[in-house]
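For the record, the sequence lines run as chains L and S.
Numbered per this note's numbering, the first sequence finishes at 109, counting up by one with no gaps.
Numbered per this note's numbering, the second sequence finishes at 1162, counting up by one with no gaps.
Think of the hints as simulated: they come from the structure by calculation, not from any bench.
Glycine included, C-beta positions come from ideal geometry on N, C-alpha and C.
Each hint should be verified, as a subset may be incorrect.
[What the hints assert, rightly or not] Footprint (simulated), chain L over chain S, 3 or more residues, beta carbon under 8 Å: (1) 1038–1044; (2) 1067–1079; (3) 1100–1106; (4) 1110–1119.
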Amino acid sequence: MSALGEVKIRVPASVARGSIARARALVIHPNERVERKDGKPVDRNYRFVNRVVVSYAGRDIAEFETSTSIGENPSFGFAFRANEPGTLKVTFFDTHGGRFEAAAEVKVG
Amino acid sequence: MPERNLTRREVLAAAAAAGVASAWLPHAAVAQGSLASLAPEEPVDKTLQRLFGGRPIRDGAPLINLELPLIAEDGGNVVMSIEVKSPMTPQSYVKAIYVLSDKNPRPLNAKFIFTPGSGQAYVATSLRLADTGDVRAVAEMQDGALFMVKRAVRVVVAGCAV
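Between the sequences and the hints, there should be enough to build the whole structure, so can you do that?
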């Protein structure tokens, strides 16, 4: 069992300079869905991931605005341009103030 | 109270839990999971109107590759990937991709924002789909031009209320 907020990030072992690489990040998170009662949505403070920020070599390169209609344990595959070696960092934010991140070093050959 | 100093994170979490929304909280607006923080329940046409106004949306078939299963056994976890052809240079890049599911009460699943540093306008994730219907991807270019494709997905077991 993994704990809520654990982030896993997968990057290629090494990337050719200037090429475009793909990576994947996943957070262990219920990403709660909206409950319905008698056909009506129940209003409460749902806990879901609503923002994901991807940065590479200190610069933000992508941002995802997400909702309850992304599956449990949200995972995202994305690309980045590897002009220089650097740290790929993915940060997940949730509606309960949670901030979960992981980073991976990218070797650029 | 135990005698220890609270970390900044704990203070923020406590403030969020108490529903405190003050100016010094950088993410006060997003530290809320109420229905009001979500998009309204509406038909997909209304979502498109809300997001793009009356701006023309062109056929994105030559540019956008949207991959989804024809049949999704579990609507709670439908694997999707999108790639939009673009040089991704500062002069010409995909600014955002919107994913909408026609049959979800709140059709907008997510908005993915890119920069030239993304290298490719590519994203893969898993969606919750409430029912059988179309899933759309709308790509917005750096100049504001819009392109759309859609795919029909048959959902066997619904992703419940999403």
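Evaluated hints:
1. 1038–1044: Our answer is that it holds, as 3 residues pass the Cβ test (under 8 Å) against chain L, meeting three.
2. 1067–1079: Our answer is that it holds, as 3 residues pass the Cβ test (under 8 Å) against chain L, meeting three.
3. 1100–1106: holds (count 4)
4. 1110–1119: holds (count 10)
Checked against the numbered hints given earlier, the structure satisfies every one of them.
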